[in-house]
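Q: For reference, the chains in residue letters:
Protein chains: 2
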Amino acid sequence: MAKELKDLTKRAENYSQWYNELVVKADLAEQSAVRGCMVIKPYGYAIWEKMQRCLDDMFKATGVQNAYFPLLIPKSFLSREADHVEGFAKECAVVTHYRLKNDSEGKGVVVDPEARLEEELIIRPTSETIIWNTYRNWINSYRDLPLLVNQWCNVFRWEMRTRLFLRTAEFLWQEGHTAHATREEAQQKAIEMLNVYADFAERYMALPVVKGVKTANERFAGALETYTIEAMMQDGKALQSGTSHFLGQNFAKAFDVKFINRENQLEYVWATSWGVSTRLMGALIMTHSDDNGLVLPPHLAPIQVVIVPIYKNNDQLADIDRVVNPIVDALRKRGISVKYDNADNKRPGFKFADYELKGVPVRLVLGPKDIENGTVEIMRRDTLEKHAAPLENIDAYVADLLEQIQQNIYDKALAHRESMTYTVDTWDEFTAQIERGGFVLAHWDGTTETEEKIKELTKATIRCIPMDGKDEPGKCVLTGNPSPRRVIFARNY
Amino acid sequence: MAKELKDLTKRAENYSQWYNELVVKADLAEQSAVRGCMVIKPYGYAIWEKMQRCLDDMFKATGVQNAYFPLLIPKSFLSREADHVEGFAKECAVVTHYRLKNDSEGKGVVVDPEARLEEELIIRPTSETIIWNTYRNWINSYRDLPLLVNQWCNVFRWEMRTRLFLRTAEFLWQEGHTAHATREEAQQKAIEMLNVYADFAERYMALPVVKGVKTANERFAGALETYTIEAMMQDGKALQSGTSHFLGQNFAKAFDVKFINRENQLEYVWATSWGVSTRLMGALIMTHSDDNGLVLPPHLAPIQVVIVPIYKNNDQLADIDRVVNPIVDALRKRGISVKYDNADNKRPGFKFADYELKGVPVRLVLGPKDIENGTVEIMRRDTLEKHAAPLENIDAYVADLLEQIQQNIYDKALAHRESMTYTVDTWDEFTAQIERGGFVLAHWDGTTETEEKIKELTKATIRCIPMDGKDEPGKCVLTGNPSPRRVIFARNY
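One line per chain: the protein sequences are B and A, in this order.
For the first sequence, the numbering used here assigns the number 2 to the initial residue and increments by one for each residue that follows.
For the second sequence, the numbering used here assigns the number 2 to the initial residue and increments by one for each residue that follows.
You can trust all of the hints, since none of them are fake.
Chain copies aren't distinguished; within one or between two, either way the pair holds.
Keeping only pairs whose Cα atoms sit at most 20 Å apart, straight-line, the calculated DMTMM-like set for lysine to aspartate or glutamate is:
#: 1; residue 1: Lys102; residue 2: Glu92
#: 2; residue 1: Lys61; residue 2: Glu50
#: 3; residue 1: Lys102; residue 2: Glu119
#: 4; residue 1: Lys238; residue 2: Glu419
#: 5; residue 1: Lys26; residue 2: Asp145
#: 6; residue 1: Lys238; residue 2: Glu453
#: 7; residue 1: Lys238; residue 2: Asp291
#: 8; residue 1: Lys454; residue 2: Glu219
#: 9; residue 1: Lys108; residue 2: Glu87
Keep in mind that the hints were calculated from the coordinates and are not lab data.
Can you make the complete structure from the sequences, with help from the hints?
A: Right, here's the structure in full:
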């Protein structure tokens with residue numbers, strides 16, 4: 002068994018440590034020399050690339066186009082929208098100089114004090130400000146609307162406590178920024194993009210999510226409404242996996258972006274923004290993986306099928322090669338990414354453990370006996386079950402199996418979430434359940450004060466007001482004040 | 002005629018202004034609020050995305066994998082490699098603080114002096130240092146080599162004089178960083194990637210390039226050898242379009258990256274790096290475009306074919322729609338991106354001028370007469386020639402035409418370069434020819450002193466020592482000292 006795997010902490014022992022170790026051992030990412038910034042390694046990046054490709058296609062299908070805006074934002078731009086600066090000023094990386102020079106006292110390279118910027122520049126924590134400053138020149142009339150633009154880029158927020166993928170100072174993401182002629186259209190767009198995220202999470206990541214609205218307290222800095230998809234991790238904690246914001250006219254007012262409407266009147270433009278980030282990698286890893294390593298959904302696995310030969314000599318290997326090569330071709334023709342690992346410098350047992358650790362969904366093992374029998378041994382990563390299957394039409398069989406695995410890990414995650422979703426009505430039940438973990442559906446009186454008090458007492462936050470929740474009058478679990486419907490409380494990442 | 006087009010400066014009047022205007026009018030990019038940083042607009046970004054996709058596939062076909070390294074680099078890393086810091090220190094954006102705060106005197110948001118970093122961070126101008134610092138932990142033995150990694154990212158160099166795409170403070174690029182067990186393998190890899198660039202330039206950009214070696218003076222800061230592809234713009238100036246560096250063991254030594262070789266000895270790793278950037282957009286625009294606007298090579302055009310209907314009433318439009326829709330489907334089936342512009346709020350003449358400005362390679366125009374005759378009017382953007390073609394099998398016809406256009410603009414660019422490439426032997430000829438523009442093949446004595454003197458006197462630099470040049474002893478055009486072969490001199494972007 003590979004050393005890496007043997008050393009992996011068990012989830013039951015320490016879930017948090019299991020995650021941290023798994024990210025590194027499975028070659029997904031590692032800490033860099035710069036505090037809070039990660040290196041995304043090739044295997045991890047290959048998964049992110051697949052996510053990007055799927056999301057990008059889905060965005061484009063809704064009419065969105067990509068563009069690119071500057072990394073640096075003038076400091077004064079942040080201040081234009083009051084809530085926005087409040088939300089981001091405390092975690093900004095600030096560029097103050099544009100040159101280094103050789104120290105006259107021989108201390109190496111130092112910042113050149115003469116190259117100080119007149120106005121400091123901020124590394125974008127998000128790009129609403131620079132983008133809305135640009136939109137001012139792009140939008141004149143209702144005919145220029147809607148404007149549907151997205152960018153894939155890096156952003157920077159100086160987080161004090163960081164964890165690989167889940168919370169890093171620099172992260173990769175996409176941020177969509179749309180401009181509309183009416184409030185209704187903008188609000189619909191924000192919800193449409195939330196639906197795209199939910200659809201992506203469920204179909205590709207095999208990640209069931211709850212769609213909901215954030216409370217005022219948890220809203221994006223500058224938004225009138227923040228929509229969210231919330232997922233549950235195996236330890237019962239929530240992970241916010243994507244957000245879509247209805248920004249009203251806040252940024253249009255801050256950057257003076259007006260348009261002439263159909264009635265020939267000048268009006269401020271309506272806005273949305275929406276984003277998902279490399280944090281999704283954290284959600285993916287934590288939702289499906291097990292004590293043997295990663296479990297990747299087939300739709301996002303960089304290697305979907307690995308084939309390992311078992312042989313004692315080169316003649317046997319040559320026989321196996323002859324059988325495997327057409328299988329590889331047939332699988333590739335179906336668009337399945339397959340690796341035939343006939344490298345002779347590693348033992349099969351090592352390969353098995355390594356591909357398990359890396360979460361490859363399907364493993365085929367072939368030895369001389371299998372060839373005689375016209376069969377192959379198949380292991381599926383999600384259940385770790387092995388069985389034999391005929392070599393004939395193995396490509397169709399494997400294609401079908403990959404879909405079964407995709408469905409199975411989704412079902413499993415959904416069953417887990419449902420088994421850990423509770424409805425409670427008293428404060429005692431509430432505190433006890435929060436302690437045990439999971440989503441807790443409870444009544445809340447709608448005030449920020451109560452929300453913060455509950456957080457202080459239990460470390461639980463309101464993840465969202467579910468969009469498909471039903472009206473159900475009740476009494477706030479803390480104050481007893483009236484509540485129109487239940488909200489989801491949980492501890493969260 | 003569209004206003005934008007009417008206003009476009011002619012190349013013959015002012016080539017430089019023609020370029021600047023074209024980039025903006027064709028909706029490719031614009032200046033941002035941050036000095037030297039551009040906004041890449043959706044139409045420009047769509048071309049860049051196509052370039053990325055092609056290059057990425059080509060890199061992957063050579064075994065390269067993508068990864069991601071931090072945006073910020075500790076200042077001290079730059080100093081580790083002496084030439085490297087010399088090359089980049091003077092144009093670094095420096096992050097000194099990690100927080101803003103509200104000014105106590107009510108001046109808005111200011112840098113929080115208490116949030117000063119112990120060590121300043123540099124926004125990457127290129128990533129050799131942070132990547133080789135990372136490779137130290139990835140490489141132990143010859144079995145870990147070669148390591149073939151690329152990243153797509155933004156970089157920042159504080160340029161004083163900037164021009165959209167050609168020279169911007171922030172730009173997008175890819176940077177490949179490979180690690181090898183032997184000098185020979187690294188050197189070969191550097192040349193292999195140069196060949197990939199040349200192949201991409203010629204096949205996709207329709208851009209003929211000269212492959213060559215840079216002089217010591219023009220080498221990348223920290224490289225033992227820099228290979229380059231040099232293209233000629235329509236004004237006869239050179240544009241360096243991609244470089245690939247053999248870095249020797251310089252970065253391995255600076256970051257202490259050793260491996261155990263097959264003979265069980267500890268040795269420093271051999272390195273390459275190679276990159277192309279959004280500068281390629283500048284090369285693309287300047288090589289093919291004309292006084293009517295962009296001319297895009299079909300292989301990179303976001304819209305390859307536009308179809309414009311001519312009609313007087315809705316019945317006529319309905320008839321045209323019925324004919325066009327299956328053509329659109331047939332073209333798409335062939336992987337051709339086509340836009341049917343039947344919007345009724347713009348006149349055909351406006352559409353024609355607009356798609357010409359945007360460089361759409363093929364335009365089909367259909368009116369009631371054409372439908373009667375079973376023909377369509379075709380305009381090819383490269384020659385602006387119009388002709389009629391039968392509607393039957395029009396998709397095959399257009400597919401073929403796109404390839405002809407691709408070939409034609411390549412041939413045209415090559416003929417232009419050849420017509421402006423001169424061999425000269427005397428200083429008088431040399432200065433006169435440099436003044437008239439073009440590539441000047443001349444002898445040079447091999448010294449940096451002479452190279453700099455020539456630059457001072459004529460503003461011409463040595464673009465490269467051509468790789469396919471032949472040995473041909475001669476005398477330096479300036480000093481008369483012996484020279485083993487000719488090099489290419491030119492003024493450049």
